[in-house]
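Make a model of the complete structure from these sequences and hints.
Here's the letter readout for the chains.
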Amino acid sequence: MEARRKERIDRGIKVRSEGIYVVSSLKEMLYVAGPRVFLIAGLLLLPLVLEMAPYWKRVVNIMCVYGMLAISFDFLANIVGLVCLGGAMFIGVGGYMTAIFNVYLHCPVYLAIPLAGLAGASICTLLLLPCLSLRGVYFAIVTLMYPLLFTRIIEALNILGGTNGITGLDSFPNPYLENYVIIILLLVFVFGLRRLVDEDIGLVLRGIKDNDQSVKASGINVAHMKALAVFIASFIGCLGGAYLAHLYMWAGLSLFALDFSIIPIAAVTIGGGGSMLGALIGTFILVPLSEFLRFFGTFRIVIYCLILTGFIVFKSEGLLTYFARKYDQFERWAKI
Amino acid sequence: MSILSVENISKTFGGLQALMSVSFSVKQGEIYGIIGPNGSGKTTLINCITGFIKPEAGKVYFRGSNIKGWPAHKIARAGIARTFQVMRPYYSLPAYKNLIIPLWSPRARAIGGWRGGGKHGDRDTVAVDILEEIGFERDSRIPYKMASTLPTGYLKRLELARCIALRPEIIFCDEVFSGLSASEVAGMVPLIEKLKMEGITLIMVEHRLKELFRVADRVMALQFGEKIAEGHYKEVIADPRVKEAYLGSEEV
Numbered sequence: 005m006e007a008r009r010k011e012r013i014d015r016g017i018k019v020r021s022e023g024i025y026v027v028s029s030l031k032e033m034l035y036v037a038g039p040r041v042f043l044i045a046g047l048l049l050l051p052l053v054l055e056m057a058p059y060w061k062r063v064v065n066i067m068c069v070y071g072m073l074a075i076s077f078d079f080l081a082n083i084v085g086l087v088c089l090g091g092a093m094f095i096g097v098g099g100y101m102t103a104i105f106n107v108y109l110h111c112p113v114y115l116a117i118p119l120a121g122l123a124g125a126s127i128c129t130l131l132l133l134p135c136l137s138l139r140g141v142y143f144a145i146v147t148l149m150y151p152l153l154f155t156r157i158i159e160a161l162n163i164l165g166g167t168n169g170i171t172g173l174d175s176f177p178n179p180y181l182e183n184y185v186i187i188i189l190l191l192v193f194v195f196g197l198r199r200l201v202d203e204d205i206g207l208v209l210r211g212i213k214d215n216d217q218s219v220k221a222s223g224i225n226v227a228h229m230k231a232l233a234v235f236i237a238s239f240i241g242c243l244g245g246a247y248l249a250h251l252y253m254w255a256g257l258s259l260f261a262l263d264f265s266i267i268p269i270a271a272v273t274i275g276g277g278g279s280m281l282g283a284l285i286g287t288f289i290l291v292p293l294s295e296f297l298r299f300f301g302t303f304r305i306v307i308y309c310l311i312l313t314g315f316i317v318f319k320s321e322g323l324l325t326y327f328a329r330k331y332d333q334f335e336r337w338a339k340i
Numbered sequence: 111m112s113i114l115s116v117e118n119i120s121k122t123f124g125g126l127q128a129l130m131s132v133s134f135s136v137k138q139g140e141i142y143g144i145i146g147p148n149g150s151g152k153t154t155l156i157n158c159i160t161g162f163i164k165p166e167a168g169k170v171y172f173r174g175s176n177i178k179g180w181p182a183h184k185i186a187r188a189g190i191a192r193t194f195q196v197m198r199p200y201y202s203l204p205a206y207k208n209l210i211i212p213l214w215s216p217r218a219r220a221i222g223g224w225r226g227g228g229k230h231g232d233r234d235t236v237a238v239d240i241l242e243e244i245g246f247e248r249d250s251r252i253p254y255k256m257a258s259t260l261p262t263g264y265l266k267r268l269e270l271a272r273c274i275a276l277r278p279e280i281i282f283c284d285e286v287f288s289g290l291s292a293s294e295v296a297g298m299v300p301l302i303e304k305l306k307m308e309g310i311t312l313i314m315v316e317h318r319l320k321e322l323f324r325v326a327d328r329v330m331a332l333q334f335g336e337k338i339a340e341g342h343y344k345e346v347i348a349d350p351r352v353k354e355a356y357l358g359s360e361e362v
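Sequence order for the protein chains is Y and Z. Numbered per this note's numbering, the first sequence spans residues 5 to 340. Numbered per this note's numbering, the second sequence spans residues 111 to 362.
It cannot be assumed that every hint is accurate.
With the Cβ distance kept under 7 angstroms, some of the chain Z side facing chain Y (calculated, not the full set) [what the hints assert, rightly or not]:
{"id": "1", "residue": "ARG187"}
{"id": "2", "residue": "ARG198"}
{"id": "3", "residue": "LYS207"}
{"id": "4", "residue": "ILE211"}
{"id": "5", "residue": "TRP214"}
{"id": "6", "residue": "SER215"}
In short, the hints are calculated from the structure, not lab data. The beta carbon of each residue, even a glycine, is placed where N, CA and C say it ideally should be.
Right under this line is the structure:
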């Protein structure tokens, strides 16, 4: 019997050569565009497919909000090197800001959400500014603390509706708009962030994660760059929060819930970090999974934890990393 | 006319006096060597001048303005580049992408020219040009390899390339020869001389004295944070205190 071994071979297309796409045939064009088209078309068709299931359309909306948080976490943690557990802060600040603009200042929805994004991102960036020189777990602790701080301040001072929250936010004019606003925002930011990371300014951000001393020695103000990155990430998060507040037509203390900080991390861990798409895949698995498991009642969390552990133990590199490898390479048996 | 003059710089770490009012000045276009045994404060001196640590007392004049206490990035922007003794490349990036970061910096973009950042898209080419100049073979795959896979010799050059990309007036070289083989050092020496010919002032901290003395115009010796000798290298190694610092005193 002759000996054989499995070889793993890169597909013979130079699609991964530094931004230059060497595409020579329709097949190769499909190979490059396939996954992207699949993601975009899939997301855009989802509300139409779920026409008969309004509950699941709602789940898709919430899933997209978590997706926004996951890509902003992925961007900060795996590109810039700031482990930010501020998802709850971004959602809460964005939600309350849009409530202020919409209910108190009577801005229409389409104005209130972007304004809330900008104002919320400014507030979050200002609050995180003093902590930007912290690294790793210390930065994480501070970002985890802010949502608790906001909750207690709102409770204690009984401002912004106190424990009842601010009610009477405008809803979206029609259900399709409700779906597509968040889906399109999500797609724009995923591909936007991926582009940003490949630009020269993105290289500087990646350099900060690798070693900030060299970036300083290159005459670049590291604090400014980190602040810019936090602004971008919190802008994405605050837009998600503003959207969520309009979806619920209410901004309350539960917008500061810990889930918004934790689920994005779990999603990035499952999907694989650094590519934004991994974060997206993670949320597309975790959020619907958590809905499916409602069937098990209180036993749900146990099963959820088991599945999470399974992913982390058996595919610790992240699902996207795994699938991308399978897609870019093929295996065959070769004679030795 | 001295481009950089350091006056009475002092620094203590807790109870340890790392630098004890060290003064020196460097002329434009000169190669100035700093030698001294381990722990004599050479790297601390560089860190103090380039703003990575704050000196407690003293003044640092660069082209007439006192830059002491400026943040590190501002000093780099003014034109003082440095390498790190423990090499600090961006390991997750390919070698030539390591240079995009200094090329993107405000200083390089403002100066422009063939070594400056130029428009977007040119920077990759400029980066490979600089790497070629410093001894990365252009047509090989080496400039495109991940920094984490490069051998020490190339990483040392990459450190220097990162400084050159900033288009500095002064480069502080913190032990660029250490850890290199004799032939690699022989390859670095012409590079250093070439930088000098382009009018860049080099201040080199070095343990490899033989190689340093080949290129340095003047040398300073440090011991326990104090300047013990300065001048041409022959004068410095003839100084009894320098001999004692390196070899120990005879009476013991």
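Okay, the hints, checked on the actual structure:
1. For the restraint placing Z/ARG187 at the interface with chain Y, the shortest Cβ-Cβ distance is roughly 4 angstroms, inside the 7 angstroms limit, so the hint holds.
2. Checking Z/ARG198 against chain Y: minimum C-beta separation of about 5 angstroms stays under 7 angstroms; hint holds.
3. A distance limit of 7 angstroms between C-beta atoms decides the matter here; for Z/LYS207 the minimum to chain Y is near 6 angstroms, and the interface restraint holds.
4. Interface hint status for Z/ILE211: upheld, as the beta-carbon distance to the closest one in chain Y is roughly 5 angstroms, under 7 angstroms.
5. Interface restraint check for Z/TRP214: the shortest CB-CB distance to chain Y comes to about 5 angstroms, inside 7 angstroms, so the restraint holds.
6. Evaluation of the Z/SER215 hint against chain Y yields a held restraint, the C-beta minimum of about 4 angstroms falling below 7 angstroms.
The structure is consistent with each of the numbered hints, conforming to all of them.
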